[in-house]
Amino acid sequence: MTAELGVTVVAGFLGAGKTTLVNHLLQHADGRRLGVMVNDFGALNIDEALVDERRDDLITLSNGCVCCSLQGELSASIESMIKRRGGQLDHLLIECSGVSDPERVVNVLHYPRIRARARLEAVITLVDAALDPADLSPALRHLVASQVDNADLVVINKTDLVDDPTIAQLEQAILLPGSRHVRTTQAALPPEFVFWPAASETPMFRRVRSGPSPATSIEALGLETLSWKREGAVDMNELSALLHDMPRQILRFKGVVRLDDGRVLALQRAAGRLTSRELEHWMKDESQLVFIGEDSPALWEWLTQRLDRL
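In full-length UniProt numbering, the protein residues as written are 1 to 310.
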């Protein structure tokens, strides 16, 4: 008997565009009923707020790396979603943390009790077109390689921000021979690459798999996180100054801030680029930010001092 719930795993390094892809698929579901599971990397689950307008179908995992310490919770959460909403869903999207190895998620989906109810249809890995593997530590290069090697489809995203020779050089550096890949801007992957008839016997993508990689964690990758939350609004000028002065050693941050002019902004920074959008349905009277960066006490002391001024 074919398992009734199709599952797509969305993976990729920090800032590659995973949440953007999930939102794109939600907006182009064409009547499909989608469930979303999101795992973030800090003590605050910012991704829950950044996934658009689908809170009823959203289960958020406890924070951390879904690929290592949370396999038991991932299994339980998938089983809970199937039990609670499985009959009402057509497809499940699992968005991995940026420091997750999708191999670990795939292993959970192969548990017999889950495999009987849900079928893994694809692992999609996003890669920032501006990524230079030479800028990463050996551990992070290994992680990115595993994310790419375990993908059925590699999405080279943000191609509007770099030139074709740079993209070609990246593809040559990270892609396995014969691996299926596409180029996108704003993670605008055609939904046909994700959804296909449940009766299909042949996967759309050729699975390219490596052997299991070592479990990764924030600490093992030489990274640290800082989660910051405060009631009330933040000073817009101080926030602008902080964003302008942010060191390169901060690889990624995301969050929701309530400004002193009444606006609420969702902020994300990755690969040196800052994006923001205004939120209309943020009901909390607080601001939340989560940062991930190099393990440097001086860096985090500087950041803490600047955050105190907001």
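Keep in mind that the hints were calculated from the coordinates and are not lab data. It cannot be assumed that every hint is accurate.
[Unchecked claim] With a straight-line cut-off of 35 angstroms between C-alpha atoms, the simulated DSBU-like cross-links for lysine-lysine are:
id : residue 1 : residue 2
1  : Lys284    : Lys83
2  : Lys284    : Lys229
3  : Lys229    : Lys83
Which numbered hints does this structure break?
Per hint list: zero violations.
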